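Peer 1: Sequence:
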Amino acid sequence: MSSTTKFIVGGVVVAAVITLLIATSFSGSGSEYLTVAEVKALGPEQARNSRVSGEIVPDSVEWSTRDLHLVFKIQDGTGILPISYHGPQPDMLVDAVEAVAIGKYDLQTEVFEAEDLLMKCPSKYEEQQ
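Numbering-wise (the numbering used here), the sequence shown opens with residue 528 and increments by one.
Please note that the accuracy of each hint is not assured.
Derived lysine-lysine pairs resembling DSS-like cross-links, with alpha carbons at most 30 Å apart [unchecked claim]:
hint: 1; residue 1: 567; residue 2: 631
hint: 2; residue 1: 647; residue 2: 631
hint: 3; residue 1: 647; residue 2: 567
Okay, the calculated beta carbon distance ranges per label pair [as the list claims (entries may be wrong)]:
hint: 4; residue 1: 530; residue 2: 615; range: 54 to 64 Å
hint: 5; residue 1: 536; residue 2: 594; range: 57 to 67 Å
hint: 6; residue 1: 602; residue 2: 559; range: 13 to 23 Å
hint: 7; residue 1: 618; residue 2: 540; range: 39 to 49 Å
hint: 8; residue 1: 547; residue 2: 634; range: 33 to 43 Å
hint: 9; residue 1: 596; residue 2: 535; range: 58 to 68 Å
hint: 10; residue 1: 591; residue 2: 619; range: 13 to 23 Å
hint: 11; residue 1: 531; residue 2: 647; range: 53 to 63 Å
hint: 12; residue 1: 624; residue 2: 545; range: 37 to 47 Å
hint: 13; residue 1: 606; residue 2: 645; range: 12 to 22 Å
hint: 14; residue 1: 591; residue 2: 645; range: 18 to 28 Å
hint: 15; residue 1: 618; residue 2: 568; range: 30 to 40 Å
hint: 16; residue 1: 640; residue 2: 605; range: 18 to 28 Å
hint: 17; residue 1: 539; residue 2: 640; range: 43 to 53 Å
Think of the hints as simulated: they come from the structure by calculation, not from any bench.
It should be emphasised that the depicted structure is a prediction, and the values quoted were computed from it without experimental measurement.
Each residue gets a CB set at the ideal place from its N, CA and C atoms; glycine is no exception.
Work out the full structure, taking the sequences as your base and the hints as a guide.
Peer 2: And the structure:
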């Protein structure tokens with residue numbers, strides 16, 4: 528095999544590997560946010576973690592320092608969803624207006640078991656005047 532043929536074959540292999548890496552990286556990170564109703568409708572066939580976003584229901588936040596357990600409710604236009612999270616308290620929990628929970632919905636307890644939480648605080652992102 529000539530050096531030109533080896534160069535072309537090597538270039539095609541490198542291009543194929545790069546294309547495969549790009550395609551797999553986008554497929555995993557492209558999960559969309561679900562509504563409360565969509566999360567509840569997933570049922571037992573929920574194979575992977577889901578992302579649900581909603582406004583934190585006022586006076587629903589309960590934090591246990593001893594157990595590092597956070598329980599609160601979120602709401603959107605489709606309903607209210609209780610969230611349970613075990614881990615350190617998110618930094619912006621006090622100021623947060625909206626939360627994004629990543630995890631799975633438990634049909635037995637009717638609670639969304641979050642593995643990760645993101646808090647959105649609109650005042651942090653407002654334009655300075």
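Peer 1: So, for every hint listed, does it hold in this structure?
Peer 2: Structure-based check of all given hints:
no.: 1; hint: 567 x 631; verdict: 10 Å, holds
no.: 2; hint: 647 x 631; verdict: 20 Å, holds
no.: 3; hint: 647 x 567; verdict: 23 Å, holds
no.: 4; hint: 530 x 615: 54 to 64 Å; verdict: 58 Å, holds
no.: 5; hint: 536 x 594: 57 to 67 Å; verdict: 59 Å, holds
no.: 6; hint: 602 x 559: 13 to 23 Å; verdict: 19 Å, holds
no.: 7; hint: 618 x 540: 39 to 49 Å; verdict: 46 Å, holds
no.: 8; hint: 547 x 634: 33 to 43 Å; verdict: 36 Å, holds
no.: 9; hint: 596 x 535: 58 to 68 Å; verdict: 59 Å, holds
no.: 10; hint: 591 x 619: 13 to 23 Å; verdict: 19 Å, holds
no.: 11; hint: 531 x 647: 53 to 63 Å; verdict: 56 Å, holds
no.: 12; hint: 624 x 545: 37 to 47 Å; verdict: 41 Å, holds
no.: 13; hint: 606 x 645: 12 to 22 Å; verdict: 20 Å, holds
no.: 14; hint: 591 x 645: 18 to 28 Å; verdict: 21 Å, holds
no.: 15; hint: 618 x 568: 30 to 40 Å; verdict: 32 Å, holds
no.: 16; hint: 640 x 605: 18 to 28 Å; verdict: 20 Å, holds
no.: 17; hint: 539 x 640: 43 to 53 Å; verdict: 46 Å, holds
Hint compliance for this structure: every hint is met.
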